[in-house]
Structures are given as C-alpha cells and as structure tokens.
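From first to last, the protein sequence lines stand for chains G and B. Under the working numbering, the first residue of the first sequence carries the number 4, and numbering increases by one thereafter. Under the working numbering, the first residue of the second sequence carries the number -2, and numbering increases by one thereafter.
Hints should not be assumed to be uniformly reliable.
What the hints assert, rightly or not - Partial chain G-side listing against chain B, Cβ under 7 Å, derived:
1. Gly69
2. Pro135
3. Ser136
4. Asn277
Simulated from the structure, these hints should not be mistaken for lab results. Backbone N, C-alpha and C fix where the C-beta goes; we use that ideal spot for every residue, glycine too.
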Amino acid sequence: MSLTRRGISIVELVVALVLTTLLAALCWSILAAGAFRLRDRSERMSLEHSLRVVSAAVRAALEPVGQDSSAGNDLVVALPDRFVTRTTRASGALCDATSTAFTARATPGWWSALRNPVPGRDSLLVERLSPPSSWEVIPLSGVPYPGACPDGSPGLVLPVIADSAALAGVGAGAPLRVFEEMELRLYASSGAMWVGLRSLATGEAIQPLAGPFATGGLQLQYRSLGGPPTADPAEVASVLLRVTGLTERAGGVGISRGPVARPDSAVMLVIRRNSP
Amino acid sequence: MNRRGIAILVALVVLTTLGMIAATAFSLARLERRAGAGAIAEVQAQGAAEAALAEASRGWPKTLVPAMPGQENVLVSLSLPGSAVGSLVLRSLGGPIYLLRAAGMRPVGAGLPPASVRIEVLVRLDSAGPDSLIRPRRDPRGWVRQSP
C-alpha cells in the first residue's frame, strides 16, 4: 500500500509567503535607495554645472572690460543683480581705413571671431595709432564681405560711416574689436529663477543660460582699487560674485517628490584685467 | 517531477536593475572626475600663460622686436611643475602697437584633449632703458582671453 501526498500544507505556504515578502521588501528598499541616490547625485551634478556655467560666463564678460576717455567704459551698467558689457565677438587688425570701410587682415593668426559680424547688432572699437592710447566706437553699417588689403593679402571689408574726426589716427596696424552690448541678469520664468543673456542692440527676449537659482541667487558686489565697494562702473576694479543655485525639484520644475531645497552656492572674485 | 517557478526570473530582473544602477552611478562618478580633472588642468594652463606674460613684462632685447607686419618672435618658453607649459610670442601689427600672445597648455590624460588657454595683450613698446631692454606698456583694452 502506498501513500501519495500532493500539495502543500498551510504552514509551508505561510512560511513561503513571509520569506517572499521579506525578500521583496529588502529588494525594494535597496532599489529605492539606489534610485534615490542616483537621482540626487544627478541633480547635484546639474546644480554644480549651473554654478560653473554662470561663474564662467560672468568671468568671461567682466574680466576683459576696458575703458578710456574717448570710447568710454565697456562696463556699461553695473547693478547688484545684473550688468551690461560690451562683449567682444571678433578681433583683428586693420590694413586699411577709409570713411566708408575698414579692411581687416583676414589671414589665419590675424582675424579671430566667434561669429561673423552683423550690422545693427555689432559695432566696432578701433584704436588710434598715435599715443596716448584711445579707442573709437564706430557702428557697423553693412554686411562684411571678403576683400583685399593694399598689399594684396586677403582682407575682410567692414562697411562703416566714419567722419574725419573718427578716422584721425586710424590706419594700417590699428587693433580692431567687433562687439555687441550684452546683458546678463537673473529673471523669473516658469515659477523659477534663471540666469539669462540677451543682446541689447536687437531687443531680443532674454535667453536662459543656466538655472534654476534661488531668489536673489545672483549677487554682484563691485569693488574699486583696494577693495571698497563702488557703484560707479568707471571705478570698478574687481567684482565679487555670489551665485546660489537650487536642484531642479527645489526650483519648482521636474519631479516634485523627494526631499526639498538642495541649495548650493559659489563665490568668485573676478579681477578686471584692463583695470582703470 | 515538474517544478515551476519564477525565482530565477525575479533574481535576474533584480540583478539587472541593480547592475544598471551601479553602472549609471559609476558613469556619473567618472564624468565628475573628468570634469574636475579638466577644471584643474585649465587653471594650470591659465597659470602657465600668465607666467609667460609675467616673464615678458621684465623686458626683452631690442633685437627681438619684429619689424614686418605679421612677423612673430618667441620671447618666452617655460615649463611648470605639473606638466604645464607656457609660451609667449611678440607679433607686429604693422604699426606702433604690438600683440603679446601667451599660450598655456596642460595635458588632461585619459584620452581627453589637453587644456589650453590663450591670452592676448596689446602693448606699446617703451624705449630701451639703461639695461637696454624693451618693456611693454599695456593698452587700456589690451587684455583679451581668446578661445583656444
């Protein structure tokens, strides 16, 4: 006689269920913790990247600004949460200058440009050859086109309208800069604060550079030689930048669950290289 | 005996998910390390370029002043601790204003391109002093950092 037992007892079933539940809970906690750390790390990296981008942009804009009695100050507006600078888009040297066109040497090593000059958006800064050093601001009046220097080498013809006073002392060998006035500031959009840039000449809407940032997350303190604060752009020798960013959730965009406010900040002193 | 179950499937799914999390975390850490190494290398490259400029501010013999437009003469070439190298050339623009072009470079490693910084300074050349060296005088808008 044989005895056949099929199926499982209730005790075995309960034990199996408990073990399975414990295992599932363990797996879930490990997975959830891993996913949280991954997301948190990713957001912190994004925040640090935003801080680096803004710091680099402020430094790139403020470090090279210069000034002289003729062309004025390249730091046009200096406020605690925004500034306007003449930002260089191209640089080179003239090989010829007339009242209707400046010709810049265009061979490699002479002409350096982030983009092609655009009339209505860009202006020219050209230095007089005779001492003392002074620069002249001349608007670009037409679309530049390839040409030739008097010695036959390749040139870039920049149409201008210059009177005799503007042309005085300007000639072959004079340094040239192509610039546009750019504004960098903190602004609100989509429930968060962002740092953005815009060209003043075109009147375009501000474009985001990085974010999100805390309210008042861009603080600029302008300092004169020796360190005391100043509000006069002509006296600015250095700028103390403090930028405070937020992770995306704390800034009001992205996934809303999880921990709130993850702020971080960076402080940088930008020395004006062409200091007054 | 037939044994049916999903244990192996569950284990595989869990292991795959954990593996993906670990791989992504590793990738993020690698990116951070690379960004850090790149930032440090750029600071060192900038230091090399600034050192070359500082070296040139001490002056140079009149014979090293280029005469023809576009002509360049190397004034400074130096190596700094940490594999950073700097150099500086004096370029004639064809008038009384000259261009000092300083370059700094620092390898990053790990298959990444080297960090490179280029600084240009417009100068006028003062006449030689008692030590017969030409010294540069900076222009009020002379300093520009160029993209490499």
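For each hint, the structure was consulted:
1. Checking G:Gly69 against chain B by beta carbon gives a least distance of about 3 Å; that is within 7 Å, so the hint holds.
2. With its C-beta approaching chain B no nearer than about 9 Å, G:Pro135 sits outside the 7 Å limit, and its interface hint is violated.
3. A hinted interface residue such as G:Ser136 counts as satisfied when its beta carbon comes closer than 7 Å to some beta carbon of chain B; here the least separation is about 5 Å, so the hint holds.
4. For the restraint placing G:Asn277 at the interface with chain B, the shortest Cβ-Cβ distance is roughly 5 Å, inside the 7 Å limit, so the hint holds.
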